[in-house]
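> Keeping their order, the protein sequence lines are chains A and B.
For the first sequence, UniProt numbering gives the first residue as 1, with consecutive numbering after it.
For the second sequence, UniProt numbering gives the first residue as 1, with consecutive numbering after it.
I should point out that these hints are in silico values taken from the structure, not numbers from a laboratory.
Treat the hints with care, as some may be off.
[Said to hold, decoys possible] Straight-line distance between alpha carbons at most 30 Å, and here's what the computed DSBU-like set of lysine-lysine pairs gives:
hint : chain 1 : residue 1 : chain 2 : residue 2
1    : B       : Lys224    : A       : Lys683
2    : A       : Lys423    : A       : Lys746
3    : A       : Lys519    : A       : Lys102
4    : A       : Lys170    : A       : Lys118
5    : A       : Lys724    : B       : Lys224
6    : A       : Lys379    : A       : Lys269
What you are looking at is a predicted structure, and each value in this text was computed from that prediction instead of being measured.
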Amino acid sequence: MIWGRVGVGAAAGRRLLPDHLFCNHCNLKRTNYDLKSKYNYTSYSSTLPQQAQVVISGAGVVGNSIAYHLTREGWTDVVVLDLNKVGSGTSHNGSGVLGLFKPSSERQIVTYSVNLIKTLQVEGHHLGFKQCGSLNLARTRDRAIALKRRIAYTKPSGLQCEWLDRHEVKRRHPHLYTGDLEGGVWVPGDAVADPYAVCSTLASLANKQGAVYIDGCQVERIVTDEVPHSQVVPRVTHVITSHGTIHCEYFVNASGMWAHRLGEKSSPKVRVPAFPAEHFYLHTSPVGEAVDDLPVVRDYDAHTFILTRNHQFIVGGFERSAKPAFPNGIPLNWRQFLVGDDDHFRPIREAAEHRLPILKRTNYQPLVNAPDNFTPDGKWILGETPEIDNYFVAVGMNGNSLQGAGGAGQAIAEWIMYGSLAKEMLPFDVRRFIDLHNNRRYLKERTQEVVGRHYEILYPGQCEYRLARELRCSPLYSEQEARGAVFGTRMGFERPIYFDTSHKRTDPPAQMPKGTFHKPIFLESVREEYQACREGVGVIDLSSFTKIEVTSVGLDKYKQFDAEETKSGGNQVVEFLQKLCSNDVNLPVAGVVHSGMQNERGGYENDCLLIRRNENSYLMLAPTTQQTRIMDWMRRQITPEACVSVSDVTSMYSVVSVVGPKSREMLSHLCNTDLIFYGHMAKEINIAYASGVLVLSFTHMGEPGYTMIIPAEYTLHIYNQLMKVGHDYGVRNVGMMTMRALRVEKFIPFWAEELDSTTTPYEVGRGYKVKLNKEYFIGKFALMRQNSQGVKKRLVHLTLDDSFDVDTDIWPWGGEPIYRNNRYVGNTTSSAFGFTLNKMVCLGFVRHAEGEYVTPQYILRDANFEIDIAGRRVPAHASLQPPKMPVVRMDGVASYRPRSRGIITQK
Amino acid sequence: MICQVSRILRHNETIIPVSGAGSRNWSLDEVMPAATYSIESVDSNQLASNYPIEDKLAAARCLHTTGYLFGVFDGHGGPECSQVVAKRLFNYVAAALLPRAQLRRLVEEWHTSCPTPLIQVYNDPSLFVSELQKIYDESLFRYCNKLIESIAADFSMEEVLINAFTQLDEDLGREVLENQHSDVLESLMKVALSGAVACVAHVDGPHLHMANAGDCGAVLGSQKQDGGGGWQAIRLTSDHCWENHAEVERVLSEHPHSEADYVVRDQRLLGLLMPFRAFGDFRFKWDRQTQIKIIQQYGGQDVIIPHCLTPPYLTALPEVTYHRLGPHDRFLLMGSDGLWEGMSALDAVSLVGEYMSGRQTLQPVHFPRQAVTLREIAQLLEQRQKGLALKPVDTNASTHLIRHALGGSDAGLDHSRLSHSLTLPLEVRRYFRDDISIHVIFFDQNFLRVCPIEI
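Kindly generate the complete structure, drawing on both the sequences and the hints.
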C-alpha cells in the first residue's frame, strides 16, 4: 500500500446521463478561427452531482482523455467541469501534429496517443487522422549529427525513421527547396489529426461511458481535510464550484492556461508552473498543391514547421524569442485579446517561403494567435502534487496538446487507479519543481526562451538556459565567477560546470563556448580539475544538494525529559527511517551511512547520505533535483501517530567537498582536530575561525577527501581560507563536469541518470547497501524476490575500444543504444572521458535480448558489445566492476618506496 | 685579518652538485625524473678541531633507485671508524633499496666484468688501500647475497636503514675476527676500536627519511605559516646520550639490575662513552673472550673496560623517522654535535633563513611583469637594499653557520672571538670546540608545492 488508497470505484454508481440531456452545440465563438463549425460536438450540462469519485477540472483534450481512460477502465464515477464548454479552451488550437521522433520517455506517450487516435478513427470516428509522415530537416552539420543521434536511439524502439539526403527529401516532398540542406530524417509514423475532433470525440466517448460533463462551471475552491499535524499531507475532500459543492476522492487539474490560477485556489496552494505564450499559425487559402498526404515538414534551423490540412498549408513555428501571453492574468473574454502579430511572425513566414517557394504565390488567411501553456523546462507536468494528496495535475502541453493528451491521460488514469506507475515519469513529475518555478515573473521570463528551445540543437551538457538565471546562488557564487566559473542551473541553483583556466579575475564572467557533439573545447580545463582531485586537491561546491532534517518531534533539548521519553523519541525517528531506507540506518550518534530509499517495487525514490546528529535527529543529504520530490515522499510516510517531522534545511547549509589525496594535509592547516576518521563517522569541528562545521570523510566521486556541511554564513570565510592555504598545495576549483568524469569512470551511479523509481539497488550493483536481514522496510519484499531470482536489467561499465578517437569522433553523451552480439539490449545513461583509463567511458543498462534474467555471464562471456553513436557502432568492453585504478592514499608514508630506475651502467 | 678568518672557514666548503651535472654522464635509458627531485642545492662545510679531523661528511646519489643520501659522521677515539663508515654505509643502504631481481642481476655482473657501482659519491675522491677494499667488497657482496636470499617481505624504508646500519657494524667486527693474519689487521683493528655516530638522510622528492644513531642532529627549517615569515625548527632526530631519558632507560633495561650503577656513569656509557649508540667501539660490543683474544694482543690489558660484563652495551641500531616535505619546508640542517654545542636549533634555522633571504637578493633585478610602475620599482629596490644589508659574507650556508657558531654573541657576530677561536693552538683547541660538520640541503619550494602525492 503506497499511501492508503481506498477503492471506492465499485461502490460508486454509474452516472450515465439520459440522452435527452445531450445537446448539439454549433455556435462556438472563436475569433479568426472558424474551422470547426462542421463538427457537431456534444456538450452535456446537467446539475452538479453531490459527489463523484474523480473530479476533473478542464474539458480540454487532456481532461477528456483522462475521463475517457478512467471510464473505459470502469471508474465511471467521473465529473468533468469546464469554465466554458467542452474544447472551448486552447487545446483545439494546436497544429494537430503527432510527432514520434522524440526522446524515449516522450515517445512512449506520443506513441500511445497515435495508436489511440488511429484506433478511434478505425472505429468510425472522424478525427482527421492521417499518417502522412514527417520530414525533419537539417541545414547544418551539427543538426545532422543531432538528428542522426536521435535516429540511433529511436531505431531500437521499432519506430521507423531513416536518414535521407537532400535528393531523397525532395522526392518525399516535391515542393520543397532542398538546395541548402544537409539532409533530413523521414519518419513515416508521424501523423496529423484534427485536435478539435479528437477533443470532442473523447468527451462524447467518456460521456457515453459514464462521465458527467458540467459546462460553465467555475471551480472556486478545492478543500482538503483536517490534518492532525503539519507533517501530514492533507487530502482532497470536496470542490466548491459556482454550481455548488461536490465531494470527491480525487481531483485532477487539467485546466491548461488556467491551471496556474486554479493551483492557488486550495490550501495549501499547489504549484503548477506553466505560463501561456502566444503561438501563431498561418493558413493559406486552399491550393491545389496542398494535397493531404504531403508530410509534415520541420525545418528546425529556421524554427518553422509546415503541414497540410484541408488543402491548405499551415505554417507554424517555435520562435527563438517568444511572446508570453496574458502577462496580467487571463481575462474572461480572452479570445478577443488575441491578435496575430505579423511582425513577430515574419521570420517564420519568410523561412517557410524559403523552404516552400510556392507559398510566395498563395494568399494567406489572417494570422491565428493560439496561445498555449509552456513549462520552465519544456516538458509536460504530470502527476500527483506534493502539496495535497489525491490532487493530480496534467498540464503544460507546450504548444501541442494533442500529441501528449492520449498518453498523458492514460498515465494519469493509471496513476489514479493503481496508485503508482509502471513506467518512468521522472522527467514529467510535478515534483521536479520548487516554489521559485511557480513565480509568475520567473515563468514569464523563462517562457520567452522555452518555446524556441523545442527546435534548438540541445548540445548535451552544454545547453544552459539564457534567461531567468542567477536565481539561487551559493555564497561562493561571486567568488567562483571571478575565478572563471561557467555556471549551469539545476533546480534554479547556479552550479559551476567547470572553471575556465584562461579566465582572469578582471575579465568579464566566463562563458560557455558554443556547444558541440564532439570533444568539448573546455576539456583541458576539466582535465586539470580532474588531476587536482586525483593527485592533489580540489574544492567543489555542492551547496545545491538538498538537505533535510528528520527529527522526532516533541523533544526539545532544553526541556527535561525522563529517560524513557527521550529514548522513545530517538526510537521514533530511527523507526521511521528504517522503514524508508534499505540500508541499516540505526547508527550511533555521529554515524554516517549511504542509503537508498525504495518504493514498493524496490525502485529508488531517493539516494541519500544520512548523518545521525542526535539521538532523535538525522540530517539527510539528497540530490539537488529531489528537493520537492523527496520531501513529499517522506511526508507521505508519516502516519498521524508518528511524532516525526521532516524539514527542508537546504538553505541553512552549504556543502563544500575537499577532494584529493592532499586534502587532509591542506585541511589540517585550518583546524586542530585530528582528521583521521575511524569508520563512517562525522565530526563537528572548527575550521579556520568558523565553528560548527560538520565534516565527513566521504566524497561523492569516490576519491579520498572530506565533505563539509557548513552553516551558510561561514561558507565564504572557509572557502577563502581553503584557497589561501591551498595555494601551497596547488588547490583547484572543481566543477560538475569533473565530478561526472570521476564518478562515471569509477562506476558510481547517480540520481536521475542511473537511479530512478524503476531501478533497484541490485540492478546497479548496490546490492551490498541493502540489508535484507533488517526488519521491514518499503520495498523489502520486492528486493528479496529480486535477490533470489535475479535482475532483468543490469548497469554496466563500458569502455570504448581504441578505434574511438576522442579528438575527432562524435562523443557518446548518454542515451545511445547498446548492442550485444548485434542485438539491441539497452541504452547508455551517462558518459564521460576517463582521464585515468584514457578511454571514453559509458554507463548503461543492459537487458536480456530474450527478456530473461541478466546474469554476469550474459554480460561477460561471449559478449561483444557495441554502442551506436550517431549511426556508427563502436565496440566497447563491458565490466560489472569498477576499473582498477591506482588508489592514491592520503598519506604517502606506508606506501613509499624509492622507484627503481633500472640498472644503470657507466659509459 | 677577515680574509684570513674566512680562508680558514672556507677551507673545506663544498657545494654538492645534485640532480645536475653529475647525472649527464649516465646512459639515457635510466628513468630520470629530475623534476621529482626536491633538492635545490646542498651546501656543506667542516671545521677541524682534532687533527686529523674525526668528522666525516658524505653525500651520494643512489644510481639505480630514485633518491639521494646524505650523512654526517662524527668519530671518536680516532678518525678511522667515521671515515670507513662514511664511505661504506651508503652502499649497504643502496643495495637494500634495490628490488631483489635487480640486485641479483647486479651481483651477477660483479663476477663477470668490472663491478657496477651502487651509488655515485660526491666530493670524495679518496680510495681505500686495495687490500682493505677487497675485504670491504667481500663484505658488501655477502650482504647482497643475504638480501637476495632473504624472504622478500613488504618493503619498509625503516627496515632498510636499520639493516644497513646494523649489518655494517656487524661487518666491522667480523672483518677483524676473520682477518687475523692479514696485512691490514692493524687498520681493521683501528676501525673497530674507534667509534663513530652517524646521521643519514634519504631524500627522494617529498619523502625524507632520517636514520640516526648517536648525537649528531638534523633539523628541518620550516617557514611559519602565520604570514609573518618567521622560522620554525623541526627536530627530526633525538640524541642518543644521557640527556635522553628513554635512551637511558633502554640501556639500563638491557643489562642486569646489578650493573645499574656502572652502565651509565658520569653521564657516559660505562663512564667512558658520550653517545649511547655508535658504530665501532667493539670494546663495548664484543664478549669478554673475544676481547681478551683480540684486543689484549693488540693493545694490552688496560684496554679492556673493567665493567664490561654483559656486552654489548653499544649498538649501531638507528632511530628512523619519516617526514613528508611540504612547501613550507625550506631546508634540512644536518650537523655534528660540534655545531649543536654552539647554537640552538632555532638559532641555526634562523641564521640559514636570513642567509637565504640575503642570497635571494644577490640575483639581478627582475621585474615581475611588463607594465610596472615607478612606485613598484622603488619598492622593489628598497626591499633589495634591505636584503643587501643582511647579505652574509659567505656564499655557503654551512660556512655562515660555522662563523656564527664560533663567533656568535648577543651583540651579533664578534669577530675577535671568532678569530681567537680559530687560532687556538692545536693542543688546547679540543677543549674549546669540537669538530664541526654541516650539510645544509635546500629544497625546491616550487616543486614541493606542485608535487603529486604519489611520488
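> Now, for every hint given, state plainly whether the structure supports it.
These are the hints, each one checked on the structure:
no.	hint	in the structure
1	Lys224/B x Lys683/A	holds, 27 Å
2	Lys423/A x Lys746/A	holds, 28 Å
3	Lys519/A x Lys102/A	holds, 24 Å
4	Lys170/A x Lys118/A	holds, 28 Å
5	Lys724/A x Lys224/B	holds, 14 Å
6	Lys379/A x Lys269/A	holds, 22 Å
In the structure shown, no violation is registered for any of the earlier numbered hints.
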